[in-house]
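Visitor: Given the coordinates of chain A, work out where chain B should sit on it, guided by the hints.
Protein chains: 2
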Amino acid sequence: MEELRFLQKAERLKKELIRETVVLEGSERILKDNDEIVFDLGDHYVGYLTVDLSSVGHHQDAPLYFQIVFAEIKEELDQDTDDYHGWISKSWIQEEKIHIDVLPCSYRFERRYAFRYVKIRILNVSSNYSVRIDRLKVEAVSSADYRNVSYPEFSEADRKLDEVSLRTLHSCMQDVFEDGPKRDRRLWLGDLRLEALTNYYAFQNYDLVKRCLYLFAGSTLEEGRLASNVFTAPKVECDFQTMFDYTLFFICVLKDYYEASKDRETLIDLEPVCMRQYELLKDCFDEDDTIDLQKAGNVFVDWNFDLDKKASGQAIYIYALKDLLKIETELGKDVSSIEEEIKRKTEAALRMYDEEKGLFLSNSQISWMSQVWMILAGVTDPQTGRQILKNAENSEAAIRINSPYAYHHLIQAMIDVGLKEEAYEKMHGFWDGMIEKGSDTFWEIYNPEDPYVSPYGGLVVHSFCHAWSCTPSYFLRKYYY
Amino acid sequence: MEELRFLQKAERLKKELIRETVVLEGSERILKDNDEIVFDLGDHYVGYLTVDLSSVGHHQDAPLYFQIVFAEIKEELDQDTDDYHGWISKSWIQEEKIHIDVLPCSYRFERRYAFRYVKIRILNVSSNYSVRIDRLKVEAVSSADYRNVSYPEFSEADRKLDEVSLRTLHSCMQDVFEDGPKRDRRLWLGDLRLEALTNYYAFQNYDLVKRCLYLFAGSTLEEGRLASNVFTAPKVECDFQTMFDYTLFFICVLKDYYEASKDRETLIDLEPVCMRQYELLKDCFDEDDTIDLQKAGNVFVDWNFDLDKKASGQAIYIYALKDLLKIETELGKDVSSIEEEIKRKTEAALRMYDEEKGLFLSNSQISWMSQVWMILAGVTDPQTGRQILKNAENSEAAIRINSPYAYHHLIQAMIDVGLKEEAYEKMHGFWDGMIEKGSDTFWEIYNPEDPYVSPYGGLVVHSFCHAWSCTPSYFLRKYYY
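Each protein sequence line maps, in turn, to chains A and B.
Just so we're aligned, residue -5 is where the first sequence starts under my numbering, counting upward by one.
Just so we're aligned, residue -5 is where the second sequence starts under my numbering, counting upward by one.
One or more of the hints may lead you astray.
Any copy will do: because identical chains look the same in the list, a pair fits if it lies in one copy or spans two.
[Stated by the list, open to error] Straight-line distance between alpha carbons at most 27 Å, and here's what the computed DSS-like set of lysine-lysine pairs gives:
| hint | residue 1 | residue 2 |
| --- | --- | --- |
| 1 | K26 | K229 |
| 2 | K229 | K131 |
| 3 | K9 | K337 |
These are calculated hints, taken from the structure and not from any lab test.
So here's chain A without its partners, still in its complex pose (with noise of 0.2 Å):
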């Protein structure tokens, strides 16, 4: 009964996208069979083209046949998608072939792609007739407003930095939170909490975050334990994929929701779907209240399959009861058993501690995003965390850290020990690296010693405006200016 209600609630939350035109001038080029041609569109967009088409010569006596690839990156256009096996299905590849019976044609695409690049390669034609793209027009929708952006006084790098940021997340921001507009167009909590935490300081669009809540809330696995993701079409539908941190950051985005909206409404109404959250997931611990790895089940922290997940897992567990403390304490509720669990898993934390290492080791294993959980769960004082970051740095072993979404949350503890100029060093020089390549968003994967990597198998399947690399507008407005 209360997941309909959730769901209603969502639903009524849901509003018409802002829609904006964007015609682009087409080519004098007459083309025939294999000819192809590129449009740049001059930016990112998510939304409908529409190509108009014409003959040249004698009266188009066959139909047009035409295939078009649309890019959000230059380098996607180059790839040959017929080398794509990955385990990625082939069918996010923005690719279709089109035939066209008569000419002229204003062809309309009813699917929604993300794109700045169209590539447009004539399958055949007749010896007849030969073909000319006339214009292309856009219809380019998001439920970010930039109207309500304000902007601080940025240097020229953090301008540049914050507009890719944003338009970043703008393109993400359709029905709900997507987490890529090309691929997978799905509400994950992961993303949502950092698309959240960065729409707060730019397009403040609160009601879309309290849609993606209620979408969680309504539409959860049994016993009410909320899915990593949820899909909204053809029905809202909870994905029956669970994370183990992935649930427990519903608890941080409506933290992070009441704090940014002051809205204790939907506090009071969805705190009971944090405390069931709590309830599940204190079951996955050990005797020595260390998290139990086969009862928590996937922990995704980082795209990094070397990663050993027991020490992040550990800490995130109790970043999430921080802010379920929190909730809790502003409703005024008991919060002494709270309490107590953090004190308890945190001194479980702590003899995750090699002193001799100054590291935290995970299963015995050194990795970066171990010691930067441990440092945002706040286990250790900052100056110990300070330590700790440059003993990682010194530590060859130490298992990288390989998306932009752990990379955001190094950034976020180093500023939490006081690193800030480090931090802000940090984010250029990783961030940058994607302005640099010309590209308008942020990437899902970049790996700055190797831009093009894939562990996908494929750059066509890759996702080049992804959700979690939004962040640098949020810790630029929130900490440089």
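Guide: Frame of chain A, contents of chain B only:
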């Protein structure tokens, strides 16, 4: 001015197509990447397909990408379309690749297809879900109404021959008489003539013939010359290509139409167009009254590049002039000059006759079509005609007949010289082969000795429902019942 009036008349004769809905149950089969499924609609249809698809398993977490192939005959489905590199545009191949973002989905294909078989091949799903095809719905269209057809008491063989002939014509009768609803979907004068003849004996849609006559009359090349074919979309425009014989057939179509409909108003209205063709084409002859192929340009006669067209062209001119004579006589005009022209051209035709061989020679070439058209033009008496056909039969060097279109003329010539029984056998001998191969319609190209031979370099672009092959219904009803 006159052309505009003709086109307005054609436009007014355009009527709503007759629509028929055909629903086919889907399949319980659960489909993953590369799985294929073939649906058989049980008859040949021209129209619009809607496929209902749904997902099975977990929530659809990536688009569905599938390929669909529409086929008129089963053998088309075995073709690898990538292998086709012939001169007819590949864009005619009836296949599409479609992404579906949200399942379940009732996907309606916007284009019109001609098909009995539908093959669906799943290109990509994700590992989390599979696909099921729940239903196929065809909205079939035609301007031929079976309720107007009356059926004599056919023998079983004739009933079947008639059924397939009429299905062929039915599928080709759309907004115009198309040559083939798969390819080229276009109004050609040569096809129109045979379709109209059969139509008078079956569907009796006189207005569609009238509309087509006005489309030709309203869209001519310089000096009022009729093209071989006209396009109707995006607006009416005639093709730049002319054919000597097709231009002349306008006269025959009008004469046949008048005989069938007694529509004197149209006869009066379009008679000047016939006279104009005569005026233009009578200059294509040399001083000895034989056709000058350089001046005449393209003469179609048959799909045969080896065929010398001189004798056939000469004969078709006489044939058409005899129809013009009937029109002029009917309208009470002075016909002396036409009679004189027929006389002189017939004398020239007879000079092409080789007494020794008992055959007409076309630039010294012996061919079936030269004999057939000389007989149809009535330059010989029936008895000589019979002997000529016998001599052709015995001449191994005679260039053979290729298309069902040319075969029609052979049957007509045999009947004209009194070989009615032999013509009946010949007709069954030729057309029955396609029925035995399980086809619901008659083909554009058919060689009984090599049924799947392709002059185009691939079966995928063949039209297996082709107007010019529909005339057995005409022969059966006019001469045998």
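Visitor: Run every hint past the structure and note whether it holds.
Guide: The hints, checked one at a time:
Taking the shortest Cα distances, K26 and K229 sit within 27 Å of each other only across copies (23 Å), while inside one copy they are farther apart (44 Å). Taking the shortest alpha-carbon separations for K229 and K131, only the inter-copy value of 25 Å comes in at or below 27 Å, while the best intra-copy value is 30 Å. Taking the closest pair of Cα atoms, K9 and K337 never come within 27 Å of each other, the shortest separation being 43 Å inside a single copy and 83 Å across copies.
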